[in-house]
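K.L.:
Residues per chain, in single letters:
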Amino acid sequence: MNNPNRDQGNDAAVEEPLPLPKALARRVSREKVYVAIPNDDDRNGGYNVVLCNNVIVPYEKAGDDYCSYHRLEDTLVGDDFHADVEDWGLGVEKGNEAVKCLALSTQHPYCQDRTADTAYWADDLRNPCNALYGKAFRAWVLKRYSRCSCSNQTVQWRKTERMCFIKAVSITERRESSRKHFFGENPFSEFASMQLLHFVDDSNVQSHRRHIVEQYDLLFEDETNIYCVMPVYDGELQEFIPPNDKFPINQVKTIISQILRGLQFMHAMVSPCRVVQLYESN
Amino acid sequence: MSQINKYTDVKRKAGLCHRDISFENLLLFGEEVKLIDLGLSRRIPFHVNENGFSSPRKVRTPQDIFYGKLLYAAPELFSSTAGDGVDLFAADVWSVGIIAYILLQGNLRSFKTQLQCNPSIHDCDRFHMGLRHELFTGNFVGLGFLRSLLNFNPTQRLSVNEALRHDFLKDGEPIKLQSPTITFEMMMSSS
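Note that the protein sequences, when read in sequence, are chains U and E. Count along the first sequence starting at 1, add 1, and that's the number in our numbering. Count along the second sequence starting at 1, add 1274, and that's the number in our numbering.
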């Protein structure tokens, strides 16, 4: 997966260090957060864990079968979510620990500096597009210019050639909507699913992950929004319909097999054990 | 590190079903198709039986059976009662079958028109009846493959792995499509 944190060497610097506006710098400068998901298939046993800054934090006994994505909301909004949890028929014994996990996530585990290596600069915040439960806008990927992460100097960023788009999901709007529309689409589920797929370590289907949408980053930078950073794609497949309304048969085969490969990657068994082992090796 | 060691003992197996596979949720990136929009996806645990074979757990709760777009939804999702449960992985394969059907038939534009009319469950029933008739009497390339994907009995439907091994998919060619003018607004309309 093309995580910008991994392939820094491919990002050629095209401009001099770019001092960000203060508000935006605060928005993008914290450590990125992974809130993951492993849940168990046993009603009475097992644990959920949360990954915070590459540290695995257990936070409660599992309560139900496949409720893990809703635990993400629990992590985000703390006590307010307890009513929703009851609505879903799930038991939460130690909900407050989830809030502690979130507090952990804003600090780097090895030093006090909260600045990440990668940031995102949305140069046109005035004209966002509407998205589900929020807004979306294009942004540039930035790399940290000042190397000393623990000093008190002002952090500067270098603009790369890579663009991304950022979906800002309003936590409040989502909570209001979840109370009204029980069956609706859940952007938090989407983020959590993408993270789960990101951490799958299965060599048999590894190459097929490229047929699933990627998530560069998930940022919890303020109390009102979650920012999901994604790549910019060429467009929807249906916009490429040939004039005669018919794709060549051999290309149809490729399209179908690529969809199936992506689906194979999703349907493949996901074991939290593998997630844990991934971090052991790091 | 001790916490990490503790959790290596936990063995859990599950898969992720998409539940909203449709043309709107397919993006093109170079020569590759990408599945997007995992907002309705669900993590489904697997059962392992006494012989060591694993199978996905069937879903019974209505909020999990609810599907994204009706015309792509498998017929068992409409007929199932809460007691029976639904295999959502097989339902995902049905949705891929619908996409394959549209691509092979070459009637994407008319299908889009149907979708824009906000179909009801009765429309879906009619669509399934027509589909059943066409799969039975039709004569076009890939019909055998489609019959396997669009099997009305979910237990006899191909799994994703079986579908990928099907002879029909063996000689595909790289996707070379003429790029339309894509605007940021078009991209966001799928979100």
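Hints are computed from structural coordinates only; laboratory data are not their basis. Every residue gets a Cβ at the ideal spot worked out from N, C-alpha and C, and that includes glycine. Some hints here could point you the wrong way.
Per the computed footprint, the stretches of chain E lying under chain U, defined by three or more beta-carbons under 8 Å from a beta-carbon of chain U, are [said to hold, decoys possible]: (1) 1308-1318; (2) 1363-1375; (3) 1404-1410; (4) 1435-1445.
K.L.:
Hints first: check each against the structure and report whether it holds.
P.N.:
Hints, one by one, checked against the model:
no.: 1; hint: 1308-1318; verdict: holds (count 11)
no.: 2; hint: 1363-1375; verdict: holds (count 6)
no.: 3; hint: 1404-1410; verdict: violated (count 0)
no.: 4; hint: 1435-1445; verdict: holds (count 7)
Violated hint: 3 only; the structure is consistent with all others.
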